[in-house]
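Engineer: Chain residues, written in single-letter form:
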Amino acid sequence: MTMPAIASSPARKRRRRSSGWQGLAYIAPAIALVTVFFVLPVIFTLWMSLHRWPLLGAPRWIGLGNYLRMFDDARFLAALGFTTHYTVVVTIAIFAIAFPLAFFVEKQRPLVSTYRTVIFLPVVVGLASASLLWVWLANVDSGLLSPLLQMLGLTERRLNLLATFDTAFLTVIVMVVWKIAGFTMIILLTGLQAIPTELTEAARIDGARPWQRFRHLTLPLMRRTLALALILSITGSILAFDQFYIMTSGGPQNRMISVVYYIFNQSFVSFNLGYGAALSIALLVILVLISVIQLWLLKVGDDRP
Amino acid sequence: MKTRSKRRARRAFWNGIAYHGVGLGTAFFFLAPFFVTILASFRPSAESGRPPLPPWPVTGFSFDAYHTLDGFGSGIWQHTINSLIVSLGTVVLTVAISVLAGYGFSRYRFPLKNVLFVLIIATLMIPFQSILTPLFIILAKLGLNNSLFGLMLIYVTLQLPFSVFMMRNAFDAVPKEIEEAARIDGARDIKLLVRVLLPLVMPGVATVSIFAFLNAWNEFLAALVLLSSNGNYTLPVLMTAVRAGRLGAIDWGAVQAGVTVMIIPCLFVFLLLQRYYMRGLMAGAVK
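Sequence lines, in order, name chains A and B. All residue numbers for the first sequence refer to my numbering, where the first residue is 33 and numbers rise by one. All residue numbers for the second sequence refer to my numbering, where the first residue is 289 and numbers rise by one.
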């Protein structure tokens, strides 16, 4: 309604235009970085993925060749399968630990903030540091876990945890749960604390049992938080690299090569840059799809409060 | 009546025991790996190959492990300084750029404003792991391959979506009247921003800084790919050499010492600025 008045005043108009350029000047450094180190690289990746692109020598256009190659590449399909397997198992493990922990630290009780802080501590150290720490703990001769298991009489001999797929996988899962559970716990805690206490009290007075309260009250009211925690866990796990590179170097019989690890090998070890780019685009599409599903899930949560 | 209150007191007592029992057990699981590593790193080299049972030095406290660690790459000081340069540089640049952008997005109207904001936030959806090759090539074209500054620019870019979002919200929370009063007093543009508004958004700056520091200090894959000469390695990349060992033998003392050097700054910064860290986490979670 006031628009015409503003537009008709020349002084105001001049000021608005100058402030427009000023605003752009303030955000220019951020836009420049995002353009040079994000937008251009994404376009460049797409362009490279359509070429055979060796480290030395001229790139050659091969159209969708790299993408077709992907479907016949047994090692890529194995990496995809392993990453999916890892993502499912680790996400279930994290939630199985983090959900009880969130309930445990929910109420204000003596020492509760200390417990929260302690459980959260591993989140702030790097995944690389955590991997190094645990690869030592899991070492058969100099580590802690195998001698401890033997001492407690749980295993007859010292078990080389990182030598077989199952035990190495279990070790990685335990390390990641140790590292990440505190993070998921805090996210879930924000959801738990957003539930009005009157509601739980009312349900209690109406005679709902703890499991019923959890199933019919807590879970539905936490839908948004759950979706967020789930998506963060899934996208993080799909991008797993550090733990497999540092802890198992790809694992017994190369069975622990994740997708990012495989892309790393193709691009920076074998220098098949074009093929690496095509694999990267595949990874990118998978993650964008998951983000879209996330937005959709959150929206569905809004429609049905 | 008396027995009832007694029974209630007894139940509260046992509940307390159960609560703290679970709490201490959990705390032990999450803390023990840190303590075991830090204690074990002070064992003399004769002990460092043995299992940490007990984890503390038995035959006297020693810095052997740190001396061994110093023998890798260009020395532990050099690599710690590399890591510090990259992390602190990332903090400074991230704060500067996100304060400017947050102010711009909060206070000015300009063409394509929403599109540009969404563009910055949308980079969160794309994993940087998938654009490493072009990043490598672009940095080489800019003459920034194998440079700590180049790596720093990448880290700043990765921090921007979160940081710009945080700073825009921080400026949104500052009443416009303060700005108008300062304008009347003659403060303009950058001066107004630095002298008057910056002190008011300091909590936001603290949050942005701590996340920038921890992420840059801990990042591994980009550093592994983008740094090619030994002298430039940051701590996590140096540690791959330690982890690989020499002549097939891994010196676990050096691994423990390296892990200690890498985790202490993170724990220190977090415990000191926990409030601001949690604020950032909540902002991300609620969004």
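Since the hints were derived computationally from the structure, they do not count as laboratory data. Misleading hints may appear alongside valid ones.
Said to hold, decoys possible - Computed beta-carbon distance windows for the label pairs:
#, chain 1, residue 1, chain 2, residue 2, range
1, A, ILE322, B, ASN433, 26 to 36 Å
2, A, ALA234, B, ASP473, 51 to 61 Å
3, A, ILE227, B, GLN366, 50 to 60 Å
4, A, LEU96, B, ARG483, 33 to 43 Å
5, A, ARG101, B, PHE351, 49 to 59 Å
6, B, ASN303, A, LEU78, 52 to 62 Å
7, B, ARG563, A, LEU202, 30 to 40 Å
8, B, ASN433, A, THR196, 38 to 48 Å
9, A, ARG245, B, ILE425, 51 to 61 Å
10, B, SER516, A, ARG287, 25 to 35 Å
11, A, LYS139, B, ARG563, 14 to 24 Å
12, B, ARG563, A, LEU180, 51 to 61 Å
To be verified - Subject to a maximum C-alpha distance of 30 Å in a straight line, what follows is the list of computed DSS-like cross-link-like pairs (lysine-lysine):
#, chain 1, residue 1, chain 2, residue 2
13, A, LYS331, B, LYS401
14, B, LYS479, B, LYS464
15, B, LYS464, A, LYS139
16, B, LYS464, B, LYS401
17, B, LYS479, B, LYS401
Think of the CB as a built atom: it goes at the ideal place given N, C-alpha and C, for glycine as much as any other residue.
Engineer: Decide, hint by hint, whether the structure agrees.
Structural biologist: How the hints compare with the structure:
1. Separated by about 32 Å at the C-beta atoms, A:ILE322 and B:ASN433 satisfy the suggested range of 26 to 36 Å.
2. A hinted range of 51 to 61 Å holds for the C-beta pair A:ALA234 and B:ASP473, which are about 55 Å apart.
3. The hinted range of 50 to 60 Å is satisfied by A:ILE227 and B:GLN366, whose Cβ atoms lie roughly 52 Å apart.
4. Against the hinted window of 33 to 43 Å, the Cβ-Cβ separation of A:LEU96 and B:ARG483 comes to about 57 Å, which falls outside the hint.
5. Look at A:ARG101 against B:PHE351: about 52 Å separates their beta carbons, and that is inside 49 to 59 Å.
6. Separation of B:ASN303 from A:LEU78 is about 59 Å and conforms to the stated range, judged on CB atoms against 52 to 62 Å.
7. Taken as a hint, the range 30 to 40 Å holds for the pair B:ARG563 and A:LEU202, whose Cβ atoms sit roughly 36 Å apart.
8. Distance hint check: the CB atoms of B:ASN433 and A:THR196 are about 40 Å apart, consistent with the given range 38 to 48 Å.
9. One distance hint, 51 to 61 Å for the beta-carbon pair A:ARG245 and B:ILE425, holds here, with the actual separation near 56 Å.
10. One distance hint, 25 to 35 Å for the beta-carbon pair B:SER516 and A:ARG287, holds here, with the actual separation near 29 Å.
11. A C-beta distance of roughly 21 Å is found between A:LYS139 and B:ARG563, which places it inside the suggested range of 14 to 24 Å.
12. As the Cβ distance of B:ARG563 to A:LEU180 is approximately 37 Å, the hint placing it in 51 to 61 Å is violated.
13. Of the supplied pair hints, the one linking A:LYS331 and B:LYS401 holds, its CA atoms being roughly 24 Å apart against a limit of 30 Å.
14. Proposed proximity of B:LYS479 and B:LYS464 is supported: the alpha carbons are some 16 Å apart, at most 30 Å.
15. A threshold of 30 Å between alpha carbons decides the hint, and for B:LYS464 with A:LYS139 the separation of about 38 Å lies outside it, so the pair is violated.
16. Note on B:LYS464 and B:LYS401: the hinted pairing holds, with a Cα-Cα distance of about 20 Å set against a maximum of 30 Å.
17. Distance hint between B:LYS479 and B:LYS401 is fulfilled; the C-alpha atoms sit about 24 Å from each other, no more than 30 Å.
Violation of the numbered hints given earlier is confined to hints 4, 12 and 15; the remaining hints are satisfied by the structure.
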